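Student: So the chains spell out like this:
Protein chains: 2
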Amino acid sequence: MTTIDWTNRCVQVDRDTFGRAVAELKTAIGEQYVTDSAADLERAARATVPDPKKPSLIIYPGNATEVATAVAIANRYQLPLWPCSSGRNWGYGSATPVLENTAILHLRRMNRILEVNDELAYAVIEPGVSYRQLRDYLELNHSDLWCDSTDGPPEGSVIGNALDRGLGVTHYADHFGTLCGLEVVLPSGEVIRTGGGPKHCATWHTHKWGVGPYIEGLFSQGNFGVVTKAGVWLIPRPEAFASFTFDLARPEDLPKLVDVIREMALRGILNSACHLINDVVTLSVLAQYPADMLDKYSRLPDDVLDEMRKRLKISHWSLGGGIQGSRKMVRLVKEELRKRLGPLGRIMFLDEGRVKGVETLNRLRQRSSLRMPIDWAVRTFAGKSPEMLQAAPHIHSVLTGRPSDYFVRHAYFKSRLPKPDIADPDRDNVGLIWFAPIAPMTGGHIQKVLDICRPLFRRYEFDFYAALLMQNPRSMIVLMSIFFLKEDQQQVLAAKELYEQLSRATSAATYQPYRVSVLGMGHLTSVSPESARFVRMLKSAVDPQGILAAGKYGI
Amino acid sequence: MTTIDWTNRCVQVDRDTFGRAVAELKTAIGEQYVTDSAADLERAARATVPDPKKPSLIIYPGNATEVATAVAIANRYQLPLWPCSSGRNWGYGSATPVLENTAILHLRRMNRILEVNDELAYAVIEPGVSYRQLRDYLELNHSDLWCDSTDGPPEGSVIGNALDRGLGVTHYADHFGTLCGLEVVLPSGEVIRTGGGPKHCATWHTHKWGVGPYIEGLFSQGNFGVVTKAGVWLIPRPEAFASFTFDLARPEDLPKLVDVIREMALRGILNSACHLINDVVTLSVLAQYPADMLDKYSRLPDDVLDEMRKRLKISHWSLGGGIQGSRKMVRLVKEELRKRLGPLGRIMFLDEGRVKGVETLNRLRQRSSLRMPIDWAVRTFAGKSPEMLQAAPHIHSVLTGRPSDYFVRHAYFKSRLPKPDIADPDRDNVGLIWFAPIAPMTGGHIQKVLDICRPLFRRYEFDFYAALLMQNPRSMIVLMSIFFLKEDQQQVLAAKELYEQLSRATSAATYQPYRVSVLGMGHLTSVSPESARFVRMLKSAVDPQGILAAGKYGI
Numbered sequence: 117m118t119t120i121d122w123t124n125r126c127v128q129v130d131r132d133t134f135g136r137a138v139a140e141l142k143t144a145i146g147e148q149y150v151t152d153s154a155a156d157l158e159r160a161a162r163a164t165v166p167d168p169k170k171p172s173l174i175i176y177p178g179n180a181t182e183v184a185t186a187v188a189i190a191n192r193y194q195l196p197l198w199p200c201s202s203g204r205n206w207g208y209g210s211a212t213p214v215l216e217n218t219a220i221l222h223l224r225r226m227n228r229i230l231e232v233n234d235e236l237a238y239a240v241i242e243p244g245v246s247y248r249q250l251r252d253y254l255e256l257n258h259s260d261l262w263c264d265s266t267d268g269p270p271e272g273s274v275i276g277n278a279l280d281r282g283l284g285v286t287h288y289a290d291h292f293g294t295l296c297g298l299e300v301v302l303p304s305g306e307v308i309r310t311g312g313g314p315k316h317c318a319t320w321h322t323h324k325w326g327v328g329p330y331i332e333g334l335f336s337q338g339n340f341g342v343v344t345k346a347g348v349w350l351i352p353r354p355e356a357f358a359s360f361t362f363d364l365a366r367p368e369d370l371p372k373l374v375d376v377i378r379e380m381a382l383r384g385i386l387n388s389a390c391h392l393i394n395d396v397v398t399l400s401v402l403a404q405y406p407a408d409m410l411d412k413y414s415r416l417p418d419d420v421l422d423e424m425r426k427r428l429k430i431s432h433w434s435l436g437g438g439i440q441g442s443r444k445m446v447r448l449v450k451e452e453l454r455k456r457l458g459p460l461g462r463i464m465f466l467d468e469g470r471v472k473g474v475e476t477l478n479r480l481r482q483r484s485s486l487r488m489p490i491d492w493a494v495r496t497f498a499g500k501s502p503e504m505l506q507a508a509p510h511i512h513s514v515l516t517g518r519p520s521d522y523f524v525r526h527a528y529f530k531s532r533l534p535k536p537d538i539a540d541p542d543r544d545n546v547g548l549i550w551f552a553p554i555a556p557m558t559g560g561h562i563q564k565v566l567d568i569c570r571p572l573f574r575r576y577e578f579d580f581y582a583a584l585l586m587q588n589p590r591s592m593i594v595l596m597s598i599f600f601l602k603e604d605q606q607q608v609l610a611a612k613e614l615y616e617q618l619s620r621a622t623s624a625a626t627y628q629p630y631r632v633s634v635l636g637m638g639h640l641t642s643v644s645p646e647s648a649r650f651v652r653m654l655k656s657a658v659d660p661q662g663i664l665a666a667g668k669y670g671i
Numbered sequence: 117m118t119t120i121d122w123t124n125r126c127v128q129v130d131r132d133t134f135g136r137a138v139a140e141l142k143t144a145i146g147e148q149y150v151t152d153s154a155a156d157l158e159r160a161a162r163a164t165v166p167d168p169k170k171p172s173l174i175i176y177p178g179n180a181t182e183v184a185t186a187v188a189i190a191n192r193y194q195l196p197l198w199p200c201s202s203g204r205n206w207g208y209g210s211a212t213p214v215l216e217n218t219a220i221l222h223l224r225r226m227n228r229i230l231e232v233n234d235e236l237a238y239a240v241i242e243p244g245v246s247y248r249q250l251r252d253y254l255e256l257n258h259s260d261l262w263c264d265s266t267d268g269p270p271e272g273s274v275i276g277n278a279l280d281r282g283l284g285v286t287h288y289a290d291h292f293g294t295l296c297g298l299e300v301v302l303p304s305g306e307v308i309r310t311g312g313g314p315k316h317c318a319t320w321h322t323h324k325w326g327v328g329p330y331i332e333g334l335f336s337q338g339n340f341g342v343v344t345k346a347g348v349w350l351i352p353r354p355e356a357f358a359s360f361t362f363d364l365a366r367p368e369d370l371p372k373l374v375d376v377i378r379e380m381a382l383r384g385i386l387n388s389a390c391h392l393i394n395d396v397v398t399l400s401v402l403a404q405y406p407a408d409m410l411d412k413y414s415r416l417p418d419d420v421l422d423e424m425r426k427r428l429k430i431s432h433w434s435l436g437g438g439i440q441g442s443r444k445m446v447r448l449v450k451e452e453l454r455k456r457l458g459p460l461g462r463i464m465f466l467d468e469g470r471v472k473g474v475e476t477l478n479r480l481r482q483r484s485s486l487r488m489p490i491d492w493a494v495r496t497f498a499g500k501s502p503e504m505l506q507a508a509p510h511i512h513s514v515l516t517g518r519p520s521d522y523f524v525r526h527a528y529f530k531s532r533l534p535k536p537d538i539a540d541p542d543r544d545n546v547g548l549i550w551f552a553p554i555a556p557m558t559g560g561h562i563q564k565v566l567d568i569c570r571p572l573f574r575r576y577e578f579d580f581y582a583a584l585l586m587q588n589p590r591s592m593i594v595l596m597s598i599f600f601l602k603e604d605q606q607q608v609l610a611a612k613e614l615y616e617q618l619s620r621a622t623s624a625a626t627y628q629p630y631r632v633s634v635l636g637m638g639h640l641t642s643v644s645p646e647s648a649r650f651v652r653m654l655k656s657a658v659d660p661q662g663i664l665a666a667g668k669y670g671i
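The listed protein sequences derive, respectively, from chains F and L. Start counting at 1 in the first sequence, then tack on 116, and there's your number in my numbering. Start counting at 1 in the second sequence, then tack on 116, and there's your number in my numbering.
The set of hints was computed from the structure by calculation and includes no laboratory data. Take these hints with a grain of salt, some might be off.
Remember, identical chains collapse to one label, so a pair may be satisfied in a single copy or spanning two.
Here are the computed lysine-lysine pairs in the PhoX-like style, where the Cα-Cα straight-line distance is at most 25 Å [claimed, not checked]:
1. Lys429 with Lys444
2. Lys444 with Lys455
3. Lys315 with Lys564
4. Lys472 with Lys412
5. Lys429 with Lys455
Model, not experiment: these values are computed from the prediction.
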């Protein structure tokens with residue numbers, strides 16, 4: 117018999133039952149796609165968050181039928197499953213479940229791009245399809261379509277991120293908002309299509325709401341089924357594209373800047389999910405924690421941070437975003453941005469032409485004889501550091517929705533390892549927790565969230581990393597990261613406590629998280645008991661044994 | 117005891133139980149707010165669709181607590197309730213339930229505007245608040261905010277329409293898409309707030325998804341609860357606004373036009389839910405069915421339609437929409453529209469200045485000496501009829517989201533009554549059924565839907581009324597109306613048969629309705645059995661006795 121022990125947050129597995137379940141799964145899915153080898157489980161249990169839960173088994177189904185079979189078998193043996201698309205949910209728990217001893221249902225083998233509709237600009241894909249795979253495929257075969265991406269791992273799952281309501285960088289950044297039409301294996305093993313549709317419903321991937329109650333929401337940040345296929349809206353390649361970066365002159369103008377951004381977003385001037393990042397974020401992208409300080413400090417001393425900021429010409433807050441449309445439209449938006457942002461700081465635009473120029477400069481800098489004069493010119497005339505010059509083409513590229521390894525390497529900021537070409541913080545034992553409340557996008561609210569959180573970071577001696585991401589014209593995510601050394605037990609403890617304190621303080625101040633790490637799913641203080649009760653009632657009807665993703669988002 | 121008799125589509129009411137329920141409801145809600153008088157029930161049973169179901173009782177709660185009390189009492193006596201916001205769901209069933217003998221839970225007394233947030237551009241309102249009420253309130257108190265509206269009844273409920281996923285006219289036309297943060301009385305009588313939030317969640321009305329599974333969808337086109345309060349996103353008054361109307365030169369270019377619209381929508385040039393209407397739609401707005409033909413024909417003979425079209429200068433297909441933004445932005449969009457639509461027909465723009473000019477002309481036309489020369493000039497130079505001249509200011513106004521009595525009077529096209537100042541087709545026994553499949557927005561798909569439906573209208577001898585409404589850049593609603601004489605039993609029968617045939621034929625061709633009338637809820641052929649089973653499973657968990665809106669959307 118298998119039971120869930122909520123107190124110890126684990127699943128109690130009777131070895132006999134478990135053995136029979138594994139045997140049956142191996143027969144159904146294939147010997148090589150069901151593993152409980154110690155090495156595999158150990159690898160799957162790695163995550164950047166503290167205390168990741170170890171799975172009991174990993175199942176790699178190859179298609180929806182095998183998912184249904186696995187779910188049916190799991191039901192028969194009361195074996196809890198944790199579906200996971202690509203396992204790149206870094207900072208939120210990676211591939212690891214909420215409860216110890218759960219079996220991971222890993223969907224990475226299901227990585228087919230089933231359809232791309234050029235006319236209607238959407239793709240139908242499986243959960244194992246990554247941003248990089250989709251973008252590469254589009255560039256090769258459908259050059260008039262772009263997909264959005266996060267600035268996180270290029271190998272992240274497009275569907276997985278959308279279902280967890282992740283945010284991208286373009287005007288299609290609300291990934292759940294641009295997901296349309298799901299195929300879902302229910303906990304019963306039955307397969308349904310959302311929108312109420314039968315197999316060949318013409319608007320399955322073009323009309324989000326379908327007919328009758330709209331149920332796709334239940335499968336986002338939820339555990340009502342395993343999504344095995346989904347429609348994803350794509351971006352028609354714009355006639356023109358430009359990116360911009362803006363440096364806020366006076367940090368005390370941040371609330372003003374937030375209000376200007378909202379105003380522009382509400383009026384349709386700014387459409388893309390622009391990112392407003394603080395100095396530590398920029399620093400973590402451009403540089404590395406000074407190695408000699410790693411053991412001494414868990415927070416950079418103020419004077420060191422000041423010195424680095426000056427040397428790298430990092431401003432307290434920088435804003436970046438994309439502009440797309442016809443050539444004239446882009447020109448007009450640039451004009452508006454200049455007019456509205458100009459009084460608050462310095463704005464710079466990049467387009468393909470300028471990016472080529474910057475890339476040439478970056479190449480010329482390789483020659484030692486040219487480095488000094490180029491750096492001098494860049495500092496003096498553009499007000500930028502050479503490090504920023506190197507980052508610029510990456511920023512421009514990612515803002516078109518093209519996934520990039522460049523930014524995700526910032527996770528290694530506090531690692532003892534130098535930033536690798538291909539980041540894999542799970543493999544490299546990097547310590548990182550995301551904490552992400554969302555607030556109404558007014559200067560007042562954003563300032564309040566920052567004022568609540570900044571002192572807590574200081575109290576626990578961690579660098580205050582804050583990125584403000586526009587979720588929609590009325591809401592902004594305050595994305596904070598706790599970087600810590602996993603090998604330092606004291607830091608791990610402090611990171612966990614800080615996370616706990618942040619959750620409590622923001623929730624008490626009426627701010628809800630937009631997304632939660634497995635670490636925080638046990639005590640969602642910002643969810644009302646009656647709401648949770650309602651969702652649990654629905655869940656029990658569909659999954660009476662609690663087989664699927666038990667404990668996800670507190671359900 | 118009360119039971120639902122699905123075969124006879126009614127509720128079997130034991131008079132004793134019913135009497136006790138009524139007594140208890142009267143004590144709780146107030147004698148005057150609970151009525152089962154024959155006259156009241158007869159009035160509530162009027163609807164433009166055929167065979168509206170008569171309710172057994174009408175309850176008018178005054179607030180959420182009374183709604184909860186009513187639901188609790190209904191549960192105790194197994195008295196099925198049909199929640200209704202304002203009862204203006206004309207063409208889809210008005211206030212009437214799916215099953216005979218259901219009690220109507222009428223929310224029209226709950227009509228408070230609880231909050232308007234100027235900074236974040238949203239309002240919090242009760243379900244009894246109408247478009248007109250909200251717009252008037254904003255114009256008086258918050259002149260920098262607009263709300264969207266349908267071109268239907270101004271007294272329609274903002275929340276009711278959004279929950280049924282109705283469509284408006286501006287870039288906020290997807291009414292369910294701009295609904296954010298609900299207070300819901302569950303079938304158990306318990307009250308929850310969506311988004312998982314506790315009472316004071318700061319982003320309740322700014323962030324649609326909340327945290328955890330997104331459940332608002334269950335309350336749209338659904339029967340999982342009674343919405344007693346909701347956030348509605350408002351439009352910041354644009355710096356500039358213009359409307360356009362476009363007449364397609366050759367009807368055979370319709371598919372081309374649809375493709376051009378999609379392209380412009382996908383590229384963000386067209387943002388508002390532009391309406392593409394056929395000759396019969398324009399006719400029904402501008403004119404009246406020739407009185408002498410009402411008894412002879414249920415469909416205008418081709419030569420009569422031709423003659424009317426020529427006289428009124430109505431083209432086979434006309435497109436209308438709004439443009440908003442900065443002055444320069446509006447100018448740019450006009451330029452794009454001219455470039456892209458120009459080759460296919462004739463485009464005309466209106467702004468506040470031109471509207472004033474047109475209004476002056478319309479006034480001058482009142483003088484008999486000026487009428488002829490003005491009409492001659494309008495016909496010759498603008499290519500418009502005097503009737504269109506009169507319609508123009510109404511079109512411009514409604515496209516800013518301002519509700520209007522003007523358009524809804526088209527329901528009287530085939531009525532024996534002249535169009536009244538204030539339309540009330542229920543009161544006036546007007547026969548009207550909406551049928552509204554949705555298709556991917558490509559010329560091919562739209563043409564196909566029209567080709568399926570047009571011959572059916574002809575077979576049953578009804579005028580082919582078709583309006584193509586952009587739901588999003590990838591989908592278009594093909595809104596068809598069956599106008600019939602309610603007093604003519606043969607026409608009623610034919611209208612019902614046509615509706616049935618349209619449902620079957622479009623569903624067989626893979627097109628789903630975007631919204632359904634109570635008439636069609638009993639046999640949603642376009643919903644797959646497994647999807648329906650899943651939703652019913654959820655419904656049973658929440659409302660085991662089927663108290664709320666039994667039969668709504670087949671659930």
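Student: Each hint should be assessed against the structure and marked as holding or not.
Tutor: Cross-check of the supplied hints:
1. In this homomeric assembly, Lys429 and Lys444 never come within 25 Å of each other (Cα to Cα): the closest approach is 32 Å inside a single copy and 36 Å across copies.
2. Taking identical chains as interchangeable, the C-alpha atoms of Lys444 and Lys455 lie at most 25 Å apart whether they share a chain (17 Å) or sit on different chains (14 Å).
3. For the identical chains of this complex, Lys315 and Lys564 are inter-copy neighbours only, at 19 Å across copies versus 49 Å inside a copy, given an alpha-carbon limit of 25 Å.
4. In the homo-oligomer, the alpha carbons of Lys472 and Lys412 never lie at most 25 Å apart, since the shortest distance is 42 Å inside one protomer and 74 Å across protomers.
5. Taking identical chains as interchangeable, the C-alpha atoms of Lys429 and Lys455 lie at most 25 Å apart only when both belong to the same chain, with a minimum of 24 Å there against 46 Å between chains.
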